[in-house]
Amino acid sequence: MQSVVFLAARLPYHRTKRGELYLLKWVGPLILATAMLSACGSGDGKKAAPPEDVFPVQTVTVQPGNLVRTLSAVGTVRYRRETPLGFTTNGKVAQVRFNEGDVVKRGALIAALDTTIVGADQNVADAERARAQAEFERIAELYGEGWVTKARYEAAEAAAKAAAARVSQARFASGTAQLYAPSSGVILSRNVEPGQVISAGTPAVILGQADQGFIFRVPVIDRDAALLRVGMAAEISLDAVGGAPLTATISEIEGQANAVTGAFTVLFALPSQAKIRAGQIGTASIKLPAANDGALQIPASALFNVRTGEGIVYIVDGQNRVEARNVVIERVTDDFVIVRGGLQQGDRIVVSGGEKLRVGARVRPTAVNR
Numbered sequence: 015m016q017s018v019v020f021l022a023a024r025l026p027y028h029r030t031k032r033g034e035l036y037l038l039k040w041v042g043p044l045i046l047a048t049a050m051l052s053a054c055g056s057g058d059g060k061k062a063a064p065p066e067d068v069f070p071v072q073t074v075t076v077q078p079g080n081l082v083r084t085l086s087a088v089g090t091v092r093y094r095r096e097t098p099l100g101f102t103t104n105g106k107v108a109q110v111r112f113n114e115g116d117v118v119k120r121g122a123l124i125a126a127l128d129t130t131i132v133g134a135d136q137n138v139a140d141a142e143r144a145r146a147q148a149e150f151e152r153i154a155e156l157y158g159e160g161w162v163t164k165a166r167y168e169a170a171e172a173a174a175k176a177a178a179a180r181v182s183q184a185r186f187a188s189g190t191a192q193l194y195a196p197s198s199g200v201i202l203s204r205n206v207e208p209g210q211v212i213s214a215g216t217p218a219v220i221l222g223q224a225d226q227g228f229i230f231r232v233p234v235i236d237r238d239a240a241l242l243r244v245g246m247a248a249e250i251s252l253d254a255v256g257g258a259p260l261t262a263t264i265s266e267i268e269g270q271a272n273a274v275t276g277a278f279t280v281l282f283a284l285p286s287q288a289k290i291r292a293g294q295i296g297t298a299s300i301k302l303p304a305a306n307d308g309a310l311q312i313p314a315s316a317l318f319n320v321r322t323g324e325g326i327v328y329i330v331d332g333q334n335r336v337e338a339r340n341v342v343i344e345r346v347t348d349d350f351v352i353v354r355g356g357l358q359q360g361d362r363i364v365v366s367g368g369e370k371l372r373v374g375a376r377v378r379p380t381a382v383n384r
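Taken in order, the sequence shown gives residues 15 to 384; the numbers are from our numbering.
Source of the hints: derived by calculation from the structure; they are not laboratory data.
Don't take every hint at face value.
[As the list claims (entries may be wrong)] Derived CB-CB ranges, DEER-like:
| no. | residue 1 | residue 2 | range |
| --- | --- | --- | --- |
| 1 | P98 | I267 | 45 to 55 Å |
| 2 | Q359 | T84 | 15 to 25 Å |
| 3 | A169 | I267 | 49 to 59 Å |
Cβ coordinates follow ideal geometry from the N, Cα and C atoms, glycine included.
Generate coordinates for the entire structure from the input sequences, incorporating the hints supplied.
Here's what the structure looks like:
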């Protein structure tokens, strides 16, 4: 309005007889029209809202099938049967014919005890059996004639049988004073030396039985071990063997966890191959089935504002607007994240293009395959 007055002051004017100052006759209508426009501009009218931003994003749909994953674990090659071999009696070691790592054939003599003591024990047992048998025969004759009681007869009979049993025991000890290989294989451990006195049952050597094949031993944490079953397939990669991974199957899952690590040992039966050796290190890859425990799998790119054990994702609703959800992070892998809470099967979550989003923003989603 001030600009209008200023304009009027600049226009031509003349003085009347009464000494009053008048604008030209056409100025009045101009001032009136300008004032009306000014009044209209200063009223309650609102400006037109700018168009709403629509953000292009990529989304995936949360599905239970997404939980299938591959477990990778490092393990070692071992013989399927690693047999401790020992003597059945105490004795002095006379000889040990093989060292650790030596290959032996079935029936080969591995070690032997000094048979001096064993032979003496057998001679004593034979002499005692002869004496007990003679005594029993004498008592039996007297018992038949009525000179001794039945109790005396039964005692003599028991003594003769005990003496015969000691002879069998001595002969068994003499026969087991030598250790023979029960199968072809490799000496994995040698625990005795010639001249050493060894107790009965103490392992003198440990034999890896080659005819029983090889296994691959892998420690697996309890949560993953609960998903494994005997017969499940796996791929074993051995750097020392090279080439394509070996196809193996789970042959055994130990029923008790290691007291120190808390892991369960899983055994895989390996196929026969010339390059496989006990002690080789490799990696087992096992496809684990989906765990029906309420956990869901999402791509790691869907998470933002990640903190310890939790994060936030954007969910796209039916009107293509986004809302934020808190989720609990249970496990992280190279390709995805296992989460709990905040998500349900069928939810659409933003995996790309969420950098500029805010809660309630409208998006143009494009589904991507995983």
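Quick rundown of the hints versus the structure:
Between P98 and I267, the C-beta spacing of about 23 Å breaks the proposed range 45 to 55 Å. Between Q359 and T84 the CB atoms are about 22 Å apart, so this pair conforms to the stated range of 15 to 25 Å. Between A169 and I267 the beta carbons are some 56 Å apart, a value that agrees with the proposed interval 49 to 59 Å.
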